[in-house]
Amino acid sequence: MWNHLKFRHGVHPPELKELTARIAIRRVPYPDEVVLPLRQHTGKPARPVVKPGDRVERGDALGEPDGYVSTPVHASAAGTVEGIGLWPHPDGSYAPAVRIAVDRYSPQAPRPRLVPDWTRLEPPEIVEAIRQAGVVGLGGAAFPTHVKLTPPKDQVVDTVLINGCECEPYLTTDHRTMVEYPERVHLGLRIMMRCLGVTRALIGIERNKPDALEAIRRTLPADLDVTVQGLEVKYPQGAEKMLIKALLGREVPSGKLPLHVGVVVQNVASAATIAEVFETGLPLIERIVTVTGRGVKRPANLIVPVGMKLRDLIDACGGFTPDAREIVFGGPMMGLAQAHLDTPLVKGTTGVVVLAAAETKPTVSYPCIRCGHCLDSCPVFLNPQLLGQLALKERWEEMEATHLADCMLCGCCGYTCPSNIPLPQLFALAKAALRRRPAAA
Amino acid sequence: MSAPSLLVTASPHLAAGDSTPRIMWTVVASLAPIVAVATYFFGPSALLVVAAATAGALGTERALDRPGTLRDGSAAITGILLGLTLPAGLPLWMAVTGGVFGIAIGKLVFGGLGQNVFNPALLGRAFLQASFPVALTTFPAPGTGHWWRLLGDNFAWPFASPRALDTVTGATPLGRMKFDHQGTSLLDLVLGTTSGSLGETSGLVILLCGGYLALRNYLNWRVPASIFATVAVLAAGLHALDPARYPGAAFMLFSGGLMLGAMYMATDLVTSPVTHLGCWLFGAGIGLLVLLIRLWGGLAEGVMYAILIMNAFVPFLNRLTQPRVFGSAGLGGAA
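These protein sequence lines map, in sequence, to chains A and B.
Sequential numbering of the first sequence, starting at 1, is according to my numbering.
Sequential numbering of the second sequence, starting at 442, is according to my numbering.
Hints are computed from structural coordinates only; laboratory data are not their basis.
Careful: at least some of the hints might be erroneous.
[As the list claims (entries may be wrong)] These stretches of chain B come out as covered by chain A in the derived footprint (C-beta under 8 Å, 3 or more residues):
1) 551-564
2) 677-690
[Stated by the list, open to error] If you only want the chain B side, here are some residues facing chain A, beta carbon under 8 Å, derived:
3) Val449
4) Ser460
5) Ala567
6) Gln570
7) Ser572
8) Trp662
9) Ala666
10) Thr716
11) Leu718
Beta carbons are placed, not taken as given, at the ideal position from N, Cα and C, and that holds for glycine.
The shape of chain A in the complex, shown without the other chains:
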């Protein structure tokens, strides 16, 4: 089949992963203060359960889930709660967060496991344990994992896909996880397959990571039906719909979830984290982050306590180079530029890319010349050219009729646009305007 293992369109940005692809993951020293936003996941923010002055140990809950699509937030370091209030959030807003003055000399006395042993649990109990451990998708969107592992009764899931594409330039978080912790990836996958009652799984990895492919293949458990598949190096290979199309040839219907084609997709780091919380008995309080870019002196792959501030993280990597100019949380294709060095890392932060002045995009835009390059790059076959023209005229309803909802803001159109029109930004604006509309009416 000519289109096997492929999706159509997409772009080929420079990979830029060589800065950190061969650097082993290391742990950073604790900072003096960590700040944990109560909203670190898609859904409702957690409700705080601590008050200023409270003493907390690593893994204690700071916030409890508020509703079903919500997860708890846990203390990533021992210390004293300094305050609960608005703080710069990676999404650009100010959001409620718990500040903890870190006690570096906490005795770390042995305590009972906070997360139970999964082998003695039934699937619903495992899912609840995952929820109480605060586990969310670590690929960027931070969707609560327990929701993904609880499909509606009328949906039949037949396959679990593990997403090891890491198609964003610069980032090597998933790459290093696969190279250094391949058993954890497999254990996390095993737990998910148990929860979902699924017997078949595929692991998709872009072919630019041969050492990760090798490590994952070498540690493949003999008793599970898991296939490891090398994939074309193309952005956005790691987008759920593109990955499902490439690995299974199934097209997720417009406006539907992967569940509708019987698939649950989890990213490599999320699988490893599920394994980690059951192994260590501690909830999700730290994650692996790539700190990279030409604007930082010593690029690295780090194990970082959630809530560590950007300022402390950059310090741990030798500081900024003189030409550092823009800091992006996530990869450069979809990541968010940060305005405050006090912004904390959250569970969904896959990487920190510090761009040097020469790497930043020019800010001048030209009129659209209708070259059509955006149509040739859009992986969901939208017409970004038309959508962009409509957005500039604020014709939101017409954009909705032109399938704006299918846009996943992957950034391919903006990447190819020779006129440097900020198409993804316009589409995000339109989506926000359409979301606000029912409230206004």
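Based on these hints, arrange chain B on the given structure of chain A.
For chain B alone, kept in the frame of chain A given last:
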């Protein structure tokens, strides 16, 4: 640690590296060999006409558009392309007028770069053809007399009758086909040793230069491919029916302005469809209209009007050929 002054922009934070000015200036550069070949065949007159049309276009853009738009290179393309559609002996003031009209009426009244419906260079030429039909169809034969001698009366005063100079003029291959029922050798057509407008003559060079742009993805190859295929298939079919009356496919492809029109005019990004299917239909429409005008119309050559007519259909073609959205069954977006 010295904190940098942070730049905050929207994603994506990387760009593919092509910019609109780079595309436009690359097109300008790719036109240089075509202008050079025209100068080889027609002497300094060719350069003068192209320069005059370009000056008219650039001057108008400078005078009427916002400051700085000259740098995007699009006005230069319009001027050079217009110059290439004109005969070498044309009085220069007419070439300037064509450039002024093309930019002012063809582009700026629509709102400048990216907003125009019709190809500005062709609109400028259509204006000249309607205003000065005799001057626009007086074609000096290439390679006659001394190379450095001006062909025709390039320096005629505006609205004065051109002085009668002893320039050898010749009918274009299409004119000879249509009005005299004479053929032209294919080799002459391919190399360009025939009468015609500056850019009408050497099909080979135009094909190479346009092909380079297609490789760089600065033009959509589907447009010329569709035009060539349509013209070739229809011309070959008619030729098979009545060889005496209808010339063959190769003649139709390499005569007149078809090469320049297909590679450089029809592929103008702004005035061609954005969808691939739209480009195929657009090219097919142009090919069909070219043959209709050449074989049954009142004019010897029809590329200009064929492209201008199809330009008008571009918004419709775009709407008709919206891509099928991922995960949906039918054609989407058409409304």
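### Query
Hint by hint, which ones does this structure get wrong, listed from lowest number up?
Failing hints, ascending: 2, 5, 6, 7, 8, 9, 11.
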